[in-house]
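Asker: Here the protein sequences line up with chains L and R, keeping their order.
For what it's worth, the numbering used here labels the leading residue of the first sequence as 1, then goes sequentially.
For what it's worth, the numbering used here labels the leading residue of the second sequence as 1001, then goes sequentially.
Check the hints yourself; a few may be wrong.
Quick look at which bits of chain R chain L covers, simulated, 3 or more residues with Cβ under 8 Å [as the list claims (entries may be wrong)]:
1) 1109-1117
2) 1193-1199
Each computed DMTMM-like pair below joins lysine to aspartate or glutamate, with the alpha-carbon atoms no more than 25 Å apart [what the hints assert, rightly or not]:
3) R/Lys-1185 x L/Glu-130
4) R/Lys-1209 x L/Glu-192
5) R/Lys-1185 x R/Asp-1108
6) R/Lys-1209 x R/Glu-1182
7) R/Lys-1209 x L/Asp-180
8) R/Lys-1064 x L/Glu-76
9) R/Lys-1209 x L/Glu-167
10) R/Lys-1185 x L/Glu-178
11) R/Lys-1185 x R/Asp-1072
12) R/Lys-1185 x L/Glu-55
13) L/Lys-161 x L/Glu-192
14) L/Lys-161 x L/Asp-103
15) R/Lys-1106 x R/Glu-1136
16) R/Lys-1209 x L/Glu-130
17) R/Lys-1106 x L/Glu-76
18) R/Lys-1064 x L/Asp-74
19) R/Lys-1106 x L/Asp-74
20) L/Lys-191 x L/Glu-167
21) R/Lys-1064 x R/Asp-1094
22) L/Lys-161 x R/Glu-1146
23) L/Lys-161 x L/Asp-180
24) L/Lys-191 x L/Glu-178
25) R/Lys-1106 x L/Glu-55
26) R/Lys-1064 x L/Asp-62
27) R/Lys-1106 x L/Asp-103
28) L/Lys-161 x R/Glu-1149
29) R/Lys-1106 x R/Glu-1146
30) R/Lys-1209 x L/Glu-178
31) R/Lys-1209 x R/Glu-1225
32) R/Lys-1209 x L/Asp-204
33) R/Lys-1185 x R/Asp-1196
Derived by calculation from the structure, the hints in this document are not laboratory data.
Just so it is clear, CB atoms sit at the ideal spot from N, CA and C, and this is done for glycine as well.
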Amino acid sequence: MNISHHPSDPLLADFAANTLDEANAFVVAAHLAMCPQCRQAVSQFECLGGALLDELPGSGIDPVRRAHALASIDTEPAMVPPRVASRVTPLRAQPRSSSTVDDVLALYGTGPWRWTGPGVYWRPVDLPVENGTRAFMLRAAPGTALLNHRHSGTELTLVLKGAFSHELGHFAAGDVEEADSEIAHSPVVDKESECICLVAMQGDIRLQGWLGRLMQPFVRF
Amino acid sequence: MQVVTRLEPQGLAYIPFRRSVGASLTSGPCVGARRGTGKNDDEPLKPDIDHSALVQRIVECRDKEAFAQLFDHFAPRIKAMLMRTGTAAEVAEDLAQDAMLTLWRKADFFDPSRASVAAWVFTIARNLRIDVARRERRARLHAVLENIEPEAQQQPDQIVSLAEREQKVRLAMQQLPAEQAEVVKLSFVEGKAHGDIATCLGIPLGTVKSRLRLAMGRLRQILEEVA
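Looking at chain R on its own, in the form it has when it is part of the complex (with noise of 0.2 Å):
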């Protein structure tokens, strides 16, 4: 099926992050062991650590080779998610760009106690994915539930926790059904509606109904599971 094939990456010289997710996710349930050891010094860094500290480095001191490794990291991703959504490469390429600007200049309110930097990159990212004309309204509507204080003190090792959060995300995306899998990425990756992913891959909107609900409900009992 074309929407769920690799788009070429365009011989890009990309060097991805150093990931440690992926050692501990393939050694299993071993996530949980860490809880409440708070920061581990000897651990190697949780991507989302390095590029919070990167966003924190741009809070702290406009730092512009922090800003740039961020950039190399992301924007080639927002490309490619937009693409998929069916934009033009470089409609993309000039998102991406805005979206990379938009890190920049509200680098000041991002909370990492609240989201991992990528949680944050894609919200920025899906509010670019709808035509300009809803854009605005959109945004705004999501700027408003940011606004609303958090209900309980968040915890000093809550930004560990979010690492860990995001590393038992992957975890429950890697532990699902294929065609599960297939649905919430076709949902989340390319912004497609229930109705246009039943059409896309054949199958009534039932079933890509139940599909999201089992794959959200195994995420979230992933997610709440006390380690």
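Same shape as in the complex, but just chain L (with noise of 0.2 Å):
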């Protein structure tokens, strides 16, 4: 896959330190799923968050509770990893068992896809609004130009197939958008296929222009 739109460094940052509202920590998510570029940045990013756990100056455990700690161990049992090669060597072989971006698009329920405009199909991702912000996945018809809109809040939005483009560029299965509420944009749907996007979006969306204006009162998000 070759994706030339990553996620901002403080977006990937925030998925590492665990920030994230829930919408925009599945869109990264599934996005990281598809990028090895982006999984290696989160590691690194991790790796700072250990390094900052380890710097801290740290807060007194109770010693009796520390013993009972240590002593609740003999009756906890070893979780061992499916299908991990050997247990000896620091240095395992790998053969696991890989996830692709469709197990992590699987944890979440998703409602019906549902007219919102010609051939634009768009349906609800079941998880917890936080923040203002929701997912939902959009599907539009090979060559469909949407309306030229602005968000009243973040976007973020994750080409799973096919691809758009807009002023500020070309958008292929892997990229990922990240839009506020700056930024105007139009998209049109690449001739070849029609295109299906994961987006997570705060607040609603205002369409511009005469049209836009007009269509307003029908946009159901």
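Combine both chains into one complex, guided by the hints.
Answerer: Here is the structure:
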């Protein structure tokens, strides 16, 4: 997969620090499943988290509870990972069962596809709204031109299938677009195939132009 | 500002691991000089190699003494981190114990070629930082990603270079301007989202984002420098 638009460093850092709302965490995770380069970045940020943890002055553990904790491991069985070849050498051969983006997507249920405009369908992803941010999938027919719009909050879009273009570039499978309320864009789906995106959107969509303002009352994402 | 005030260690009798990193950090960019030399037996062990060896002892023979050492190093820190998130001391202590129990149970899952022990413990602890209702789903999200096969075949000296990576990260943190380091700590240690950081420091959201962007950019630049 040839990914040319990646999540920004702060977004990946937030994922590593676990401070993202669930919708954004979901979209970032789906991108990570497709992008070794960003997985590497996240592991660097986790390393940073580890170093910061390591440098914290500890807060004392009650000795009685410490003793209790150490005693309790007697009854704690070890979990053995599936299909790990050797437990002896520190460097294991790596025949892990490998996850894909579909495994990430399968973590949440989705509603049915619903018509939302000519050639455009959406379906909600069943996850809790945090910080006003929801997740949904968007499916648009080949060649569809979406109305010029901006957002009242942030929008994170991951292309799962197909591609679209707008003022800021061409986005194909695996690519991520981060937009905020400053950005207005009018995406056009490539002619070759339909485009399916996973979106985390804060707030709502503001359509631009006279046609957009006319249609605004009908937009229900 | 109260958020960056260090919490009282509450009279703990904790003896930290001997850390050889400190010296090499102050002596400047010497990290890269050792690259490619593989194991350096004459060199003092880096702390994370010690930790890694302790985890390995748990894997190999369920070594309780090794666990006790890891417990004494990390449990007080996890507790401190969770308390900074606003968790009550008692609860933080319980969660720290849970985290360490997870380490004991999942020692076999730890892969020293992919992460340092500190980074691994951080990933366990960060998942405890969000409320119980969301914790399990979020943990699943991270678990799926852990299950992705690494791209390239891991090199035998990857462990050494991971220790180097941790040193470089510490170095990068030390070199960051204070206001960037502060934002990074609020995010990673206290688990604050950008909006909360902005409120807490009384600065615009855009400033939080730009400080994080600069800090993370610097960090990655240092990590990707070919030494």
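Asker: The structure should be examined with respect to each hint, and the outcome stated for every one.
Answerer: Results for each hint:
1. Counting residues of the segment 1109-1117 of chain R whose CB lies closer than 8 Å to any CB of chain L gives 8, which reaches the minimum of 3, so the coverage claim holds.
2. Proximity of the segment 1193-1199 of chain R to chain L, defined as three or more residues with a beta carbon under 8 Å from a beta carbon of that chain, is established by the 3 residues found.
3. A C-alpha spacing of about 23 Å is found between R/Lys-1185 and L/Glu-130, which places the hinted pair at or below 25 Å, so the restraint holds.
4. Between the alpha carbons of R/Lys-1209 and L/Glu-192 the distance comes to roughly 37 Å, so the proposed pair goes past 25 Å and is violated.
5. Using a Cα cut-off of 25 Å, the hinted pair R/Lys-1185 and R/Asp-1108 is violated, with the two alpha carbons roughly 30 Å apart.
6. The hinted pair formed by R/Lys-1209 and R/Glu-1182 meets the criterion: a straight-line CA distance of about 13 Å does not exceed 25 Å.
7. Under the criterion of a C-alpha separation no larger than 25 Å, the hint pairing R/Lys-1209 with L/Asp-180 is consistent with the structure, at around 12 Å.
8. Of the pairs offered as hints, the one joining R/Lys-1064 and L/Glu-76 holds, with about 12 Å between alpha carbons and a cut-off of 25 Å not exceeded.
9. Simply put, R/Lys-1209 and L/Glu-167 have alpha-carbon atoms about 24 Å apart, close enough for the 25 Å limit, and the pair holds.
10. Restraint check for R/Lys-1185 and L/Glu-178: satisfied, since their Cα atoms lie roughly 24 Å apart, inside the 25 Å limit.
11. Restraint check for R/Lys-1185 and R/Asp-1072: satisfied, since their Cα atoms lie roughly 23 Å apart, inside the 25 Å limit.
12. Taking the CA atoms of R/Lys-1185 and L/Glu-55, the gap is about 11 Å. The hint holds against a cut of 25 Å.
13. With a CA separation close to 11 Å, the supplied pair L/Lys-161 and L/Glu-192 stays within the 25 Å bound.
14. Taken as a hint, the L/Lys-161 and L/Asp-103 pair is honoured in the structure, with Cα atoms around 16 Å apart against an allowance of 25 Å.
15. Between R/Lys-1106 and R/Glu-1136 the CA atoms are separated by roughly 16 Å; this keeps the pair inside 25 Å, and the hint holds.
16. Using a Cα cut-off of 25 Å, the hinted pair R/Lys-1209 and L/Glu-130 holds, with the two alpha carbons roughly 19 Å apart.
17. Restraint check for R/Lys-1106 and L/Glu-76: satisfied, since their Cα atoms lie roughly 11 Å apart, inside the 25 Å limit.
18. Simply put, R/Lys-1064 and L/Asp-74 have alpha-carbon atoms about 9 Å apart, close enough for the 25 Å limit, and the pair holds.
19. A hinted pair counts as satisfied when its Cα atoms are at most 25 Å apart, and R/Lys-1106 with L/Asp-74 qualifies at roughly 14 Å.
20. Between the alpha carbons of L/Lys-191 and L/Glu-167 the distance comes to roughly 17 Å, so the proposed pair stays at or under 25 Å and holds.
21. Proximity of R/Lys-1064 to R/Asp-1094 is assessed by CA-CA distance (about 20 Å); at most 25 Å being required, the pair is judged to hold.
22. Proposed proximity of L/Lys-161 and R/Glu-1146 is supported: the alpha carbons are some 24 Å apart, at most 25 Å.
23. Restraint check for L/Lys-161 and L/Asp-180: the C-alpha separation of about 23 Å stays at or below 25 Å, so the hint holds.
24. Distance hint between L/Lys-191 and L/Glu-178 is fulfilled; the C-alpha atoms sit about 23 Å from each other, no more than 25 Å.
25. Distance restraint check for R/Lys-1106 and L/Glu-55: the Cα-Cα separation of roughly 24 Å lies within the 25 Å cut-off, and the hinted pair is therefore satisfied.
26. Restraint check for R/Lys-1064 and L/Asp-62: the C-alpha separation of about 19 Å stays at or below 25 Å, so the hint holds.
27. About 22 Å separates the Cα atoms of R/Lys-1106 and L/Asp-103, which keeps this hinted pair within 25 Å; it holds.
28. With a C-alpha separation of about 22 Å, the suggested pairing of L/Lys-161 with R/Glu-1149 holds against the 25 Å cut-off.
29. Simply put, R/Lys-1106 and R/Glu-1146 have alpha-carbon atoms about 13 Å apart, close enough for the 25 Å limit, and the pair holds.
30. Taking the CA atoms of R/Lys-1209 and L/Glu-178, the gap is about 13 Å. The hint holds against a cut of 25 Å.
31. The suggested pairing of R/Lys-1209 with R/Glu-1225 holds, with an alpha-carbon distance near 24 Å, which does not exceed 25 Å.
32. Distance hint between R/Lys-1209 and L/Asp-204 is fulfilled; the C-alpha atoms sit about 22 Å from each other, no more than 25 Å.
33. Distance restraint check for R/Lys-1185 and R/Asp-1196: the Cα-Cα separation of roughly 13 Å lies within the 25 Å cut-off, and the hinted pair is therefore satisfied.
When each numbered hint is compared with the structure, violations occur for hints 4, 5.
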